[in-house]
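Number of protein chains: 2
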Amino acid sequence: MLVKIRGIGLLTGRPIIILPKEIAKWLNVNVGERIVVNKYGEKKQIVAVVDITKIEERADFVYASDEIINYLNLKENDVVEINPAQKPLSVLYIKEKLDGKSLNYNRLFEIMKNIVNNELTEAEIAYFISSMYIRGMNKKEILSLVKAMVDVGQRIKFNYKYVLDKHCIGGIAGNRTTPIVVSIVVSAINELKLNAVIPKTSSRAISSASGTADVIELFANVEFDVDEIKRIVNRVKGCLVWGGSLGVSPADDKIIQVERLLNLDPKSQLIASILSKKISIGSNRLIIDIPYGKGAKIETKNEALKLKKMFEYTSSKFGLKTKVLITDGKQPIGNGIGPCLELIDVLKVLKNSKDKPKDLYEKSIYLATELLGLIMDKSKAQKIVEKVIKEGKAFDAFKKIIKEQKGSIKELTPSSIFSEIKAEKKGKIVEIDNRKINFIARVLGCPADKFAGIYLEKHLNEEVEKDETYAIVYAETKEKLDYGVKVFKELKPIVIK
Amino acid sequence: MLVKIRGIGLLTGRPIIILPKEIAKWLNVNVGERIVVNKYGEKKQIVAVVDITKIEERADFVYASDEIINYLNLKENDVVEINPAQKPLSVLYIKEKLDGKSLNYNRLFEIMKNIVNNELTEAEIAYFISSMYIRGMNKKEILSLVKAMVDVGQRIKFNYKYVLDKHCIGGIAGNRTTPIVVSIVVSAINELKLNAVIPKTSSRAISSASGTADVIELFANVEFDVDEIKRIVNRVKGCLVWGGSLGVSPADDKIIQVERLLNLDPKSQLIASILSKKISIGSNRLIIDIPYGKGAKIETKNEALKLKKMFEYTSSKFGLKTKVLITDGKQPIGNGIGPCLELIDVLKVLKNSKDKPKDLYEKSIYLATELLGLIMDKSKAQKIVEKVIKEGKAFDAFKKIIKEQKGSIKELTPSSIFSEIKAEKKGKIVEIDNRKINFIARVLGCPADKFAGIYLEKHLNEEVEKDETYAIVYAETKEKLDYGVKVFKELKPIVIK
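First to last, the protein sequences are chains U and D.
Each residue of the first sequence is one higher than the one before, counting from 1 in the numbering used here.
Each residue of the second sequence is one higher than the one before, counting from 1 in the numbering used here.
Extracted from the complex, chain U is given alone in its bound form (with noise of 0.2 Å):
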């Protein structure tokens, strides 16, 4: 149907088409589902999401967000073609799934690609998620779901033996472990000339207190597109910037979005969206780092097995070599979450400080020790991986790293509004709840707030005296500060006893 526009002067972030009441019944379309527009006469079109607005009389326009208007390069009332986009045929595989069938790679290629375009709402894609939660993905449907993820999205490829990686499934607190990780093997590299590189790119917080890309952020750019990444690798051999911004799998993005909904984390989802975008960025050697234990994503160790061989089988026929890590999941790694205190960690610790968290230290020498691993015989890997971080080779290479990506190392302070969290009596630390941690520091200001955040001055069974000090809570104004105090008494997420 042929109607004018009007503009409604928003970048709302997707593009959104406001129908009055008549034409969306006419058009038979309801809020949140899809419609094409096309200017009249012409060829190029987008598929927008519909509102609907209540005018009463038959109108012979609809409002338009900046999206659809800078894309179609309209002007007011210019004519515009507006029809229900067509049910994607992914809606029917959705179904089937949902009635216990399996889907072929071309099912779900369908699928990612209506989620890339737009094509879906969030509800048919929480039908979808549905689907996989209950029903599951045999071994074959997990190979499809991953290659179907890449083939909607970008490849890079990197032209060396070795494309180093490493990843986290997340879940605890602190445990900012990828720029020590990352600094060491770009160094390590160096030091041996060995031909492999490290491009990690990061994500943003999703629904914990930072993501590597926050903390870096701090100090340098974060977001390149994919011939600057590459010039930024082939000079440092590594790198630390987002993944959001290089369109490798893009269907993941939109997913994760719906999952966290329902705090929905299918196994079969997790496995893709992880594989997906190491593959993307053609890793060919990779370690997966599972924490486990009460509050984190994994909470028992056969679980955690469990998901250590699906990723191990999945990553083998995809020519990625993946070594998976379970490891101590029970309590936040390092003493700060939140960006800043996080990096002020990740600092003391490249610098080899004596007052640097030995946790995060241990770990990093740990995961760094078992990447390099894969490549070389342990003992060597062990050897350089101690020698780059005595000499201050690591820290060297962070500097590099930060200076390539166009930032510099400063001077960091978390916010002066703090206020100190003190025993209410003398005993000792029995339970510090990953969970709940990352919910106050989110209630603090994190991640947006890069100054705000927890500092931990003790870990699980240590002993605190009354009145001693055991956290401290930084927020960047006091209205906040308040509420994250008043949240963290009524949580209680560090239990002493």
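Simulated from the structure, these hints should not be mistaken for lab results.
Source: prediction; values computed, not measured.
Please note that a few of the clues may not be correct.
Below 25 Å or equal to it, Euclidean Cα-Cα: the simulated SDA-like pairs (lysine to any residue) are [claimed, not checked]:
no. : chain 1 : residue 1 : chain 2 : residue 2
1   : U       : K44       : D       : E479
2   : U       : K54       : D       : V47
3   : U       : K478      : U       : N461
4   : D       : K25       : U       : K44
5   : U       : K39       : U       : N118
Could you slot chain D onto chain U? The hints should help.
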């Protein structure tokens, strides 16, 4: 957090707030999620759906749709407090159901309440529907669901011994029995001075070509509030109104909207949807029509029988005497499909004209007799039904209802823009697919274009000559007609062999 408000000058059909990116990040909310808004210092609050705008700088304002502005009585730049809507507990219950647990009344009530209050996103509702669809619901859960759906809405009470009702589960094109049955029953009530009423509420078309409300609207108002409906029913003993504005079983509309995305219709939800509405409006005698056959909602007799049992069991627990009739759903009922064409059929039956569609006439007589048979001897019911049709009393009752609903009977002619569909060869009609017929009627403009639709010159098993017209399609514009004819030829809803 405190922000200034800016209007976008739009009534969007539901409260929408557009957050600058940085604010969304801090609140940790995504597109489609919910936040709570209140005027600073005031308690009155509203739950709004989030959209995000890509303003780059840190903004101190948000955009709001007129629903929010009006409800909170805001002026431009007023300060409002915005907070992420606490994840409703029902999200946990939905997860439980996905995990295979059954839900008790309290949990189902929470879910229904959150749906009505706009506190669950479409994707969260999709998770709930998936869980019912895959896990099913036991008898007790269905009872609880019905009660929960009733309890979150309005209940209406009529002070009569018998409150009659009829319902068809839908899917059959044409099939406009309701105005006829209601008119027959109303005139029987008046003839026999029965202590009974038939306060019939109907829906507008959801996925079919028209609903009873769309049809009656050609002559009269269909939107009344509860008091007005009571007044009409007290005077005429019946009505033909739209149920949507009464607030009975309000969760249902939202659920239906999300179900239709995947054309899912879990049996438990189908039963709860229908019975909750009947119970809310105080019915105590009900007939339900389940048409079955290829192209209908229910395809096999076995399925129909199972559904019948569930309907009868569930209604019995609410003191609602229900008789389920399993009828032939292989083809449309009546000749016309589309509001005007269906109403023409209805008038012919009510006037007992010679050229009335026989199938529609017979089915209406059957349903009316069965319904009256619930409160009197069947043979007595049969007699009175025949009498009121023959003597024109049913038609008088119809006229009275229309008059009470502020309308009048008018001359009806379908659109003058039409096209005859002619047989390409001599043969017999072996298939008329309800789904396809409904779809084509929508393409032609139904239900918004009331004078559009399809007229069937022939029914199943009738012979056609080569070049004989077996159907006529009507549209309100040439453009829609051409498109409708094209789709008709592609889909071949009527098969001649």
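*Which earlier hints turn out false for this structure, listed by number in ascending order?*
Hints 3, 4 contradicted; others consistent.
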